[in-house]
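4 protein chains.
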Amino acid sequence: MTKGRLEAFSDGVIAIIITIMVLEIKIPEATGWTDLASLWPKFVSYILSFMYVGIYWNNHHHTFQAVKKGVNGKLLWANLNLLFWLSLLPFATGWMGEHEFSRNPIIFYGFILVMCAASYTIMLNVLKKREGEGSVIAKAVGSDRKGKLSIFIYLLGIALAFIHSVLGFLMYAAVALIWLIPDTRIEKIYTGEDQSEQ
Amino acid sequence: MTKGRLEAFSDGVIAIIITIMVLEIKIPEATGWTDLASLWPKFVSYILSFMYVGIYWNNHHHTFQAVKKGVNGKLLWANLNLLFWLSLLPFATGWMGEHEFSRNPIIFYGFILVMCAASYTIMLNVLKKREGEGSVIAKAVGSDRKGKLSIFIYLLGIALAFIHSVLGFLMYAAVALIWLIPDTRIEKIYTGEDQSEQ
Amino acid sequence: MTKGRLEAFSDGVIAIIITIMVLEIKIPEATGWTDLASLWPKFVSYILSFMYVGIYWNNHHHTFQAVKKGVNGKLLWANLNLLFWLSLLPFATGWMGEHEFSRNPIIFYGFILVMCAASYTIMLNVLKKREGEGSVIAKAVGSDRKGKLSIFIYLLGIALAFIHSVLGFLMYAAVALIWLIPDTRIEKIYTGEDQSEQ
Amino acid sequence: MTKGRLEAFSDGVIAIIITIMVLEIKIPEATGWTDLASLWPKFVSYILSFMYVGIYWNNHHHTFQAVKKGVNGKLLWANLNLLFWLSLLPFATGWMGEHEFSRNPIIFYGFILVMCAASYTIMLNVLKKREGEGSVIAKAVGSDRKGKLSIFIYLLGIALAFIHSVLGFLMYAAVALIWLIPDTRIEKIYTGEDQSEQ
Numbered sequence: 004m005t006k007g008r009l010e011a012f013s014d015g016v017i018a019i020i021i022t023i024m025v026l027e028i029k030i031p032e033a034t035g036w037t038d039l040a041s042l043w044p045k046f047v048s049y050i051l052s053f054m055y056v057g058i059y060w061n062n063h064h065h066t067f068q069a070v071k072k073g074v075n076g077k078l079l080w081a082n083l084n085l086l087f088w089l090s091l092l093p094f095a096t097g098w099m100g101e102h103e104f105s106r107n108p109i110i111f112y113g114f115i116l117v118m119c120a121a122s123y124t125i126m127l128n129v130l131k132k133r134e135g136e137g138s139v140i141a142k143a144v145g146s147d148r149k150g151k152l153s154i155f156i157y158l159l160g161i162a163l164a165f166i167h168s169v170l171g172f173l174m175y176a177a178v179a180l181i182w183l184i185p186d187t188r189i190e191k192i193y194t195g196e197d198q199s200e201q
Numbered sequence: 004m005t006k007g008r009l010e011a012f013s014d015g016v017i018a019i020i021i022t023i024m025v026l027e028i029k030i031p032e033a034t035g036w037t038d039l040a041s042l043w044p045k046f047v048s049y050i051l052s053f054m055y056v057g058i059y060w061n062n063h064h065h066t067f068q069a070v071k072k073g074v075n076g077k078l079l080w081a082n083l084n085l086l087f088w089l090s091l092l093p094f095a096t097g098w099m100g101e102h103e104f105s106r107n108p109i110i111f112y113g114f115i116l117v118m119c120a121a122s123y124t125i126m127l128n129v130l131k132k133r134e135g136e137g138s139v140i141a142k143a144v145g146s147d148r149k150g151k152l153s154i155f156i157y158l159l160g161i162a163l164a165f166i167h168s169v170l171g172f173l174m175y176a177a178v179a180l181i182w183l184i185p186d187t188r189i190e191k192i193y194t195g196e197d198q199s200e201q
Numbered sequence: 004m005t006k007g008r009l010e011a012f013s014d015g016v017i018a019i020i021i022t023i024m025v026l027e028i029k030i031p032e033a034t035g036w037t038d039l040a041s042l043w044p045k046f047v048s049y050i051l052s053f054m055y056v057g058i059y060w061n062n063h064h065h066t067f068q069a070v071k072k073g074v075n076g077k078l079l080w081a082n083l084n085l086l087f088w089l090s091l092l093p094f095a096t097g098w099m100g101e102h103e104f105s106r107n108p109i110i111f112y113g114f115i116l117v118m119c120a121a122s123y124t125i126m127l128n129v130l131k132k133r134e135g136e137g138s139v140i141a142k143a144v145g146s147d148r149k150g151k152l153s154i155f156i157y158l159l160g161i162a163l164a165f166i167h168s169v170l171g172f173l174m175y176a177a178v179a180l181i182w183l184i185p186d187t188r189i190e191k192i193y194t195g196e197d198q199s200e201q
Numbered sequence: 004m005t006k007g008r009l010e011a012f013s014d015g016v017i018a019i020i021i022t023i024m025v026l027e028i029k030i031p032e033a034t035g036w037t038d039l040a041s042l043w044p045k046f047v048s049y050i051l052s053f054m055y056v057g058i059y060w061n062n063h064h065h066t067f068q069a070v071k072k073g074v075n076g077k078l079l080w081a082n083l084n085l086l087f088w089l090s091l092l093p094f095a096t097g098w099m100g101e102h103e104f105s106r107n108p109i110i111f112y113g114f115i116l117v118m119c120a121a122s123y124t125i126m127l128n129v130l131k132k133r134e135g136e137g138s139v140i141a142k143a144v145g146s147d148r149k150g151k152l153s154i155f156i157y158l159l160g161i162a163l164a165f166i167h168s169v170l171g172f173l174m175y176a177a178v179a180l181i182w183l184i185p186d187t188r189i190e191k192i193y194t195g196e197d198q199s200e201q
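Protein chains in written order, with my numbering: chain A, 4 to 201; chain B, 4 to 201; chain C, 4 to 201; chain D, 4 to 201.
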């Protein structure tokens, strides 16, 4: 089986997830600037989630670029599991934005981020096992330090949210910034391209 | 005619169906954990439907992998018929989740599952006729025992829902678990791949 | 320019149009069968519109199959014009379904169908001019009798709706049934395939 | 890395953006023609935004046609930045349509248009740097007069909105009309095709 349809389907789902999140930002009933400005928690939440979905699409793109063998059942379901958790991001984003970063929604958002990250790690392991130890994927993924670091910072953010919910949000934003640097682990090995050109 | 656009269009529709279901889970108006927890019937319904849509996409992927001849009008409409019934899953899911698995929504959900399964069987028969008796599709589909078994269990679930609605839900969940094992009938014949590797 | 991206974009838009129409069927607030049954005008409207969007996708598929030359600006905009009118179908469907086939929504639905058909004819003419007189498209389209007949029946339906709105709906349904027979004009000439096999 | 998946993902997001805007046009609660007619500001807003999203897709199509080198991280994020601002168009369109072109929504809509245009310029510069000075992209983009002119007219529109909001809307509509003429800068150089045939 080829990877093309799995990539296309994932692209479709991710494109819809990234776009329906904007539907949570309801149109103000009045036309004052304050009416618009009062939506700032929703806009800030949307920006963070847009970045996260963009990061996942970006990494998905990089990872499957390195996939040489076809797709089997395990990989299909590992990928669907990732899409499932990503599909809960619009809900978590809406809850967080609706209630101006109060504690519980922040913790729930962090939980969804942890589940997304864990699902990605599971998918990478399925890929690594399938592609084999000497494969580009296996070399590139390595010990997946960036993924483990992310989960650690998410959990730290959840813990800090008990002190002040905004601290949790800042932790999640910090992880997003780390990932904005594209997943050069794979890119470097696969393309042999000079990283400085990135 | 090539199968590429039919696959791409089906992927698009299925990707949207799987994603808009999450819009039925409305954001809680308060921030308590109990507010979130009270949504559990919607989450459980969503998980089951996500699995079902994933299964249909998965099987669609496998089946069309084995299609050698192009697409004709009959196949296009058999495929659109399948997409039609799948497109009613978000509605059925929402009704079931909104009313905490009360009897009628459970029965209706089962009815939609039966129609989806029957539509898939119709599509397989159109494919089998087109591809010919000796084709991969014809061999792989065989007597379509898994499909017939599914419809039987759905009908059993509908009947059991008259005793207790949760029994119906459990039957539907059981069928989903059967299908989580990918449609190896086709995979085995087509790829000659060792099934144990799955 | 290649036609691939235009086809993919059109598939995406059409896939979303066909799927968001189901969002107009709101989940009943109670669980009685009568609550579900009272939605029948919405279901019937949805079925008709699903068929129409399927027909347009089907014909789009057939037509672009025969396109040999690339895509230019005029064709891009003729295609976007078609997608624009198709994108109003969910709104027209919802209005018709919400008000149980009362006259004005039926007339408006007919108007949208006329505009979709006219847009398709415009697109075919752009294609014909681009591909040249001796092209497959030009031969296949011919005098476009089926398209002209459809517009005539739509207008008849609009007129009959002033007598009884259901007559209008029946006319629109009749046109859909005519088109369920795939656009064999192109298929026959292009593939040389025996039509009886269809 | 190939540009195919970036194009496919962008097509998906743009297809969803162009389609969900229609969801802002709520179905009238009554069936009178006046009920439909009262929605005219929403329809007019939708038409303009549909044209703009069509223009961006069109230009995206043309631009990436000329891309010879693969996709790197910077380009991925420049493209996601463009998609982010485009994804706010449905919100801005809804606010403008809901309040019948009152001043603040008109100004906000203009602001989103400025950000979209600026994002496109940024993306073109990333492409130009990557493709090199002598590349088709670099030649075609040139001094990007059309892009700069657009931003100037948007800003003029925002300023004129303080006199009368409709003047702002007319400025935005004027820019759309300028762009309806496809981006022939690239088309001419790339295809060497006779422009008069366009």
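Keep in mind the hints are simulated off the structure, nothing from the lab.
Glycine residues also receive a C-beta, built at the ideal position from the N, C-alpha and C atoms.
Hints are not guaranteed to be accurate.
Stated by the list, open to error - Here are a few chain D residues that face chain C, going by a calculated C-beta distance under 10 angstroms: (1) T22; (2) D38; (3) V139.
To be verified - Cut-off 25 angstroms, straight-line C-alpha distance, at most; resulting in silico cross-link-like pairs (SDA-like, lysine to any residue): (4) A/K131 / A/L159; (5) A/K151 / D/G76; (6) A/K6 / B/N107.
Stated by the list, open to error - Using C-beta positions, here's what the derived DEER-type ranges look like: (7) A/S105 / D/A33: 19 to 29 angstroms; (8) C/V169 / D/E103: 34 to 44 angstroms; (9) C/L173 / A/N128: 51 to 61 angstroms.
Results of checking the hints against the structure:
{"no.": "1", "hint": "T22", "result": "holds (4 angstroms)"}
{"no.": "2", "hint": "D38", "result": "holds (8 angstroms)"}
{"no.": "3", "hint": "V139", "result": "violated (13 angstroms)"}
{"no.": "4", "hint": "A/K131 / A/L159", "result": "violated (28 angstroms)"}
{"no.": "5", "hint": "A/K151 / D/G76", "result": "holds (22 angstroms)"}
{"no.": "6", "hint": "A/K6 / B/N107", "result": "violated (41 angstroms)"}
{"no.": "7", "hint": "A/S105 / D/A33: 19 to 29 angstroms", "result": "violated (40 angstroms)"}
{"no.": "8", "hint": "C/V169 / D/E103: 34 to 44 angstroms", "result": "holds (35 angstroms)"}
{"no.": "9", "hint": "C/L173 / A/N128: 51 to 61 angstroms", "result": "holds (58 angstroms)"}
The structure fails hints 3, 4, 6 and 7 (numbered hints given earlier, in ascending order).
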